Amino acid sequence: MTARELAQQLKTAFGDLISEAEEFRGEISVNVANAEKIAEVCGHAKRELGFDYLVDVSSIDNYGEDPRWTVVYHLYGYGHHCSLRLRTRVSEELSELPTVTTIWRTADWHEREAYDMMGIRFRGHPDLRRILMWEGYPYFPLRKDFPLSGRPTNLPEVAFSKPAPLEGGPFVTIAGGKDSTAREPRVRLPETDDVPLNARLERRADIKEAHGKSHGPGKVGTP
Amino acid sequence: MATQEVHYPDPAGRLATAPGPAAAGGPSPSTKGEDLLPDIHGEKMVLNMGPSHPATHGVLRIVLELDGEIITKATPDVGYLHRGDEKIAENMTYTQFIPYTDRLDYLAPLANNVAYALAVEKLMGIDGKLPPRCQYIRVICCELARISAHLLGLGSFAMDVGALTVFLFTFTEREKIYNLIEALTGARFTTTYTRIGGLSRDLPPGWVGQCRKFLDEVVHNIDETEQLLTRNKIFVDRTKDVGLIPREVAIDYGLTGPNLRGSGVEFDMRKAHPYLVYKDLEFDIPIGSVGDAYDRYLIRIEEMRQSVRILRQCLDKLPGGAENGSHEPVNVPDGKTVLPEKRKVLTSMEELIHQFILVTEGMNAPPGEVYFGAENPKGELGFFIHSKGGGTPHRLKIRAPSFVNLSILPYLMPGHMISDTVSIFGSLDFVMGECDR
Numbered sequence: 001m002t003a004r005e006l007a008q009q010l011k012t013a014f015g016d017l018i019s020e021a022e023e024f025r026g027e028i029s030v031n032v033a034n035a036e037k038i039a040e041v042c043g044h045a046k047r048e049l050g051f052d053y054l055v056d057v058s059s060i061d062n063y064g065e066d067p068r069w070t071v072v073y074h075l076y077g078y079g080h081h082c083s084l085r086l087r088t089r090v091s092e093e094l095s096e097l098p099t100v101t102t103i104w105r106t107a108d109w110h111e112r113e114a115y116d117m118m119g120i121r122f123r124g125h126p127d128l129r130r131i132l133m134w135e136g137y138p139y140f141p142l143r144k145d146f147p148l149s150g151r152p153t154n155l156p157e158v159a160f161s162k163p164a165p166l167e168g169g170p171f172v173t174i175a176g177g178k179d180s181t182a183r184e185p186r187v188r189l190p191e192t193d194d195v196p197l198n199a200r201l202e203r204r205a206d207i208k209e210a211h212g213k214s215h216g217p218g219k220v221g222t223p
Numbered sequence: 001m002a003t004q005e006v007h008y009p010d011p012a013g014r015l016a017t018a019p020g021p022a023a024a025g026g027p028s029p030s031t032k033g034e035d036l037l038p039d040i041h042g043e044k045m046v047l048n049m050g051p052s053h054p055a056t057h058g059v060l061r062i063v064l065e066l067d068g069e070i071i072t073k074a075t076p077d078v079g080y081l082h083r084g085d086e087k088i089a090e091n092m093t094y095t096q097f098i099p100y101t102d103r104l105d106y107l108a109p110l111a112n113n114v115a116y117a118l119a120v121e122k123l124m125g126i127d128g129k130l131p132p133r134c135q136y137i138r139v140i141c142c143e144l145a146r147i148s149a150h151l152l153g154l155g156s157f158a159m160d161v162g163a164l165t166v167f168l169f170t171f172t173e174r175e176k177i178y179n180l181i182e183a184l185t186g187a188r189f190t191t192t193y194t195r196i197g198g199l200s201r202d203l204p205p206g207w208v209g210q211c212r213k214f215l216d217e218v219v220h221n222i223d224e225t226e227q228l229l230t231r232n233k234i235f236v237d238r239t240k241d242v243g244l245i246p247r248e249v250a251i252d253y254g255l256t257g258p259n260l261r262g263s264g265v266e267f268d269m270r271k272a273h274p275y276l277v278y279k280d281l282e283f284d285i286p287i288g289s290v291g292d293a294y295d296r297y298l299i300r301i302e303e304m305r306q307s308v309r310i311l312r313q314c315l316d317k318l319p320g321g322a323e324n325g326s327h328e329p330v331n332v333p334d335g336k337t338v339l340p341e342k343r344k345v346l347t348s349m350e351e352l353i354h355q356f357i358l359v360t361e362g363m364n365a366p367p368g369e370v371y372f373g374a375e376n377p378k379g380e381l382g383f384f385i386h387s388k389g390g391g392t393p394h395r396l397k398i399r400a401p402s403f404v405n406l407s408i409l410p411y412l413m414p415g416h417m418i419s420d421t422v423s424i425f426g427s428l429d430f431v432m433g434e435c436d437r
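Just so you know, the sequences run in chain order A and B.
Residues in the first sequence are numbered from 1 upward in steps of one, following the numbering used here.
Residues in the second sequence are numbered from 1 upward in steps of one, following the numbering used here.
Be aware that one or more of the hints could be misleading.
[Unchecked claim] These stretches of chain A come out as covered by chain B in the derived footprint (C-beta under 8 Å, 3 or more residues):
no., region
1, 20 to 28
2, 47 to 56
3, 130 to 143
Hints are computed from structural coordinates only; laboratory data are not their basis.
This structure is a prediction, so every number in the text was calculated from the model and none was measured.
The beta carbon of each residue, even a glycine, is placed where N, CA and C say it ideally should be.
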């Protein structure tokens, strides 16, 4: 069985939804007209056509064209050793299409990456968070309108928006301090641990002022 | 205290002996300790491993939820080494991106160079025109890279589970490979050896002899490594039945390379879709029977032996011989795509023009999309190039094997002990430079 025949079978099953197979450099691609149907098409491809391996999910930004995003799925079958590329277009207003994580679990991280880099959301994804950029990063860096040099963010220098699991522990530096002295864990004052972080940092600055350069739990009470 | 999240995946079957969820829920016949132990099973501790941890081989952070010493949930956090390679690629010519591929899987830069060059050559339609000598040298590069990457993978794997000697043994051999690579490319790590349509240079004089000498030495080293590990009780105890990946799960999670073959899937891009001259070479594909960390270790050992076998054949069959007495070309003779020889650029008008155009504008790639996946040491390294024509890709997606291989961790880790994490990490053999791109 060849990839072209498999593409034809897919077209027979879904009719106008699937375009004629295009061949370039020996690779067969088909377009899926409606992105909402992508999960159905993929499910059929896996169950009926033996495409048991999802190689990759990529996203393309066609900046300036109307359906701005193209989402590209590379399928492969270990049984018949054929590859097939599915392409589907998603408009910028919608920026959303169904997930295929229920069909191949490997799609989980691929879709998270597409979301992280392009801002395309996958409906029904179990855990659609950023993966390469940090949680809370405000831009989608692989979009064509994002400059190569990057954009400044107003975020603090900490990488996490949620507290780290050991936050507040005895050996964990407190993020957000002005300098390394303010982030130093050993200047933690037990009585201020209930005070919110910002107040604590201010408090710490006061102590620093009052005691000059010296700091540390042993120095707090000394004149 | 009632436990809320008592159901978690348990691929290794470790939890079968632990007090089960049913015991906490309702009365069961043999629950003598029920009154004493309910809280112990219910309390979870969160352990943050990495991003800077010796066993994570780079900057992988993994948040482990623990029930005692058993992992109940694992959440990997990747991206600490993200450099935006795909964005960078969109803003430079195809040739300019070659050095960036060195830094993907930085333990096998030669193999990355070859995979990338083949992807671009596929787009240009010149992959079938590569001169035989170039193809053989590229295979030599790929296999040397494979041996080097597996030696490091095994050495650090063994070190993590307590066998430091192996690490010293394998690094001795890696040093020899790096000397060979230095003689070949001028750099030890950042090789940038391939060019689109060829190589940056032919083999240096005497290199084939050095390579043969190395191959004779490395087989001894592989044997010694195997003697140290394969029947080593500690090593076997720490790897057997640890990190068990059934065949269907491996396929479902898109694993590739030794991790896929460890689970018993007989698939290798070099056999299934031979590129370069792999179809003319004899070699075997080792596959595992169980799919645990021990199987993956055995496969890497055997793959190194097969690589030695491939290398010996390549050195024997090398068109033009060791010193290329018959002046076999190593580049495709296409001035509009392939950078000309430097010597000719300085003396000939036509080559000067080609050089100028290729460096300033890049080659004129046709519009279209290609995907090329190569069998790299870590798995299938794929490049998906979406071209709108011209000298730069409109989109270049790197399908990094380590990225995909790591995505199985949330499935794989629960049910194991904390100490098994190093066995699992070592046996998956990932590299974060490639994962985070």
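Hint-by-hint comparison with the structure:
| no. | hint | result |
| --- | --- | --- |
| 1 | 20 to 28 | holds (count 3) |
| 2 | 47 to 56 | holds (count 5) |
| 3 | 130 to 143 | holds (count 7) |
The structure shown violates none of the earlier numbered hints.
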